[in-house]
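Colleague: Since the structure of chain A is already known, use the hints to place chain B on it.
Chains as they are written, first to last, in this note's numbering: chain A, 1 to 375; chain B, 1 to 375.
One should not assume that every hint holds.
Given that identical chains are not distinguished, each listed pair holds provided it fits within a single copy or across any two copies.
[Unchecked claim] Using 20 Å as the maximum straight-line C-alpha spacing, the simulated SDA-like pairs for lysine to any residue come out as follows:
hint : residue 1 : residue 2
1    : 48        : 315
2    : 128       : 342
3    : 15        : 343
4    : 15        : 173
5    : 128       : 215
6    : 48        : 217
7    : 15        : 225
8    : 48        : 202
9    : 128       : 292
10   : 48        : 211
11   : 15        : 142
12   : 48        : 216
13   : 172       : 109
Derived by calculation from the structure, the hints in this document are not laboratory data.
The structure presented is a predicted model; accordingly, all values stated were derived computationally and were not measured.
There are 2 protein chains.
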Amino acid sequence: MNGPVAGIADEIVMKLDEAMAASGLDALLATSPENVAWVSGAAPPSQKTVRSRLAAAILPRGGNGEVVAIALEGPVVRTQSRLPELRLYEEFVEDPVLVFADSLARRGLGDAAIGVEETHLSHADYEKLARALPDARLVRADERFEELRMVKTPAEIALIRDIGAAADRIAKEVFEHFGAGSTEREIANFVAERYAEAGGDGLTMLVVGSGPRSAAVNAPPTGRALELGDVLRLDIIGTKGRYHSDVARTAVVGAPTDEVRRVYDLLVGVHHRCLEALRPGALTSDVYAIYRAAMDDAGLPPYHFVGHGLGITLHEGPFVNALTEIRLEEGMVLCIEPLTLLEGRFGVQIEDELLITVDGYEPFSEVGDLPRMAG
Amino acid sequence: MNGPVAGIADEIVMKLDEAMAASGLDALLATSPENVAWVSGAAPPSQKTVRSRLAAAILPRGGNGEVVAIALEGPVVRTQSRLPELRLYEEFVEDPVLVFADSLARRGLGDAAIGVEETHLSHADYEKLARALPDARLVRADERFEELRMVKTPAEIALIRDIGAAADRIAKEVFEHFGAGSTEREIANFVAERYAEAGGDGLTMLVVGSGPRSAAVNAPPTGRALELGDVLRLDIIGTKGRYHSDVARTAVVGAPTDEVRRVYDLLVGVHHRCLEALRPGALTSDVYAIYRAAMDDAGLPPYHFVGHGLGITLHEGPFVNALTEIRLEEGMVLCIEPLTLLEGRFGVQIEDELLITVDGYEPFSEVGDLPRMAG
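Pulled out of the complex, with its shape left as it was, chain A reads as follows (with noise of 0.2 Å):
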């Protein structure tokens, strides 16, 4: 766990309160976990796994806010959060909801217009807080947060440059350390061990994927030992102080086959190609573009995307696809990832985080030569 971060609490309450103010909104009530983590700073450990534990971070136009969390967390979230107030409710004893209702009437916002997220209140829940606050006018911010979100104030950056770098640095020392005979699950433990080393709170979705298994999507660790010949595929997943890192390579134990070698150069290609195209006010579908091409002239399988944006979620807006056309902004934080999973046989993925600069994009990691591994 993590204490507050000086300095964001500021940027993001004024950026809030700026929203709240052009949209005509009293005040908002973010529930889901991301959007109560981004305001707050708070991350009650079990909203994301009991879904009765609601938290909610309220935020009156004008500051003041306030975050509302099972009491059983009180002492976790009182150490992150960065909101002047808590509340804690007792389970089973007290509805989340109505207490939310409660917290916004007595600020005197029991008429107001109050910005909440149609996409995670469930359909109970939001019925709920309209009877129980009749004369509100209950505005979906869904969209609102969303387009917040994408734009990352300096703290944030400094954030996940961080942990970033340290999932590159973790995975050039995977290379070094392990080859054959060694089996992803030690890997796996390797890779826990620095993260927790680097302050990261937890992996929450490591890929080590070793032989045919590398060109499997989603490839937790298991017992299975590395092989001369082997592509290794690793995507460090986890967060720190609610941070996300997002960093995949590929590498190969041993020599590689001529084939190896050539989907890694070309992917490497590619990669670089996006980067280049990367500036404030290029599109996304265009960078998806790129990718799409190479890969169709290549006949190899493309993704349905190359990048995504980095945050307190693992994919989160700018969404770098054929059918999303975003607007790269300086300060978005993206990762781009060229992939191509031949089923069965390998797959390559190399994947990079970056920040949009104001003429181009900073990288937070470098991808190099095709690593290899002990045979």
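Modeller: Then chain B, alone, in the frame of chain A:
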């Protein structure tokens, strides 16, 4: 990933068919991860991590059900699902809720009474479904699912017993293999390996709390090394074939202090008395009262529940707390877990799994005398 288990589907589908007949429903649309898994056996990995990647199990009265899942995870879902039909949707191209509606309409259920999960479906998705099926009647089925899931089928019982007994064995091995100087993370790695060997899908929330950390509610493993005199609290929570294990043990490194000995023996006694009260017809609130009175008499901090049902989810009905009055029935599977956390000092928890039988209970795991680890 585990494949389908023979026998489960028919029993559960039959139960749901009877429930639909009794409540006048023509079909069920399960969308929560737990009910999709319960009805169909399918657990598309990313439905829990990416909220927009919805999945559903559609069950018309009379059988012939269907799973709807994201195309990316088609290969996994195909091996897991016990329902005859599988429909896949393309992320970003198709809206999963509109795909559910289309599947229902194609089955002639466009004007039917359809049971939905109002506490799971988001408000936005519920409204979208209602608009797509303007002649259908959407009926809240949440409580119905919960009730039906409480009494397990024989095949479900066999699955839970199997992984629960494995968790019990693994805890014993931990206390034999580790001692002063071992780190919590070493213990966690050992548990993860043994759990995988037992066929487990993975640990979803492992507690390894040593010394003062044994008193923290959620204590994921850290690099802390065990010291002489430490209390160690271990809670082995994971899944195998979609069903949970939840067995907690408390041990001491070297010899216990008089206080630790006294608190441990007291909790073992409370645990025994709670178990003795279990039989069909007993009220869960009466079982909680046994624990609560003992803690109050001893001046120890009580927890707000002493047990819960166990199955596809970690915490499900019947809840054993002061406020929930559920009459136990044959076939329910519960955890009974008397617990006291002396903040900053030590915590003791004893948690066993059991089945309610016709005249009492059958344990899946059984606690013994205070385990001592090498000093």
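Colleague: Output the numbers, in ascending order, of every earlier hint that fails for this structure.
Modeller: 2, 3, 4, 5, 7, 9, 10 and 13
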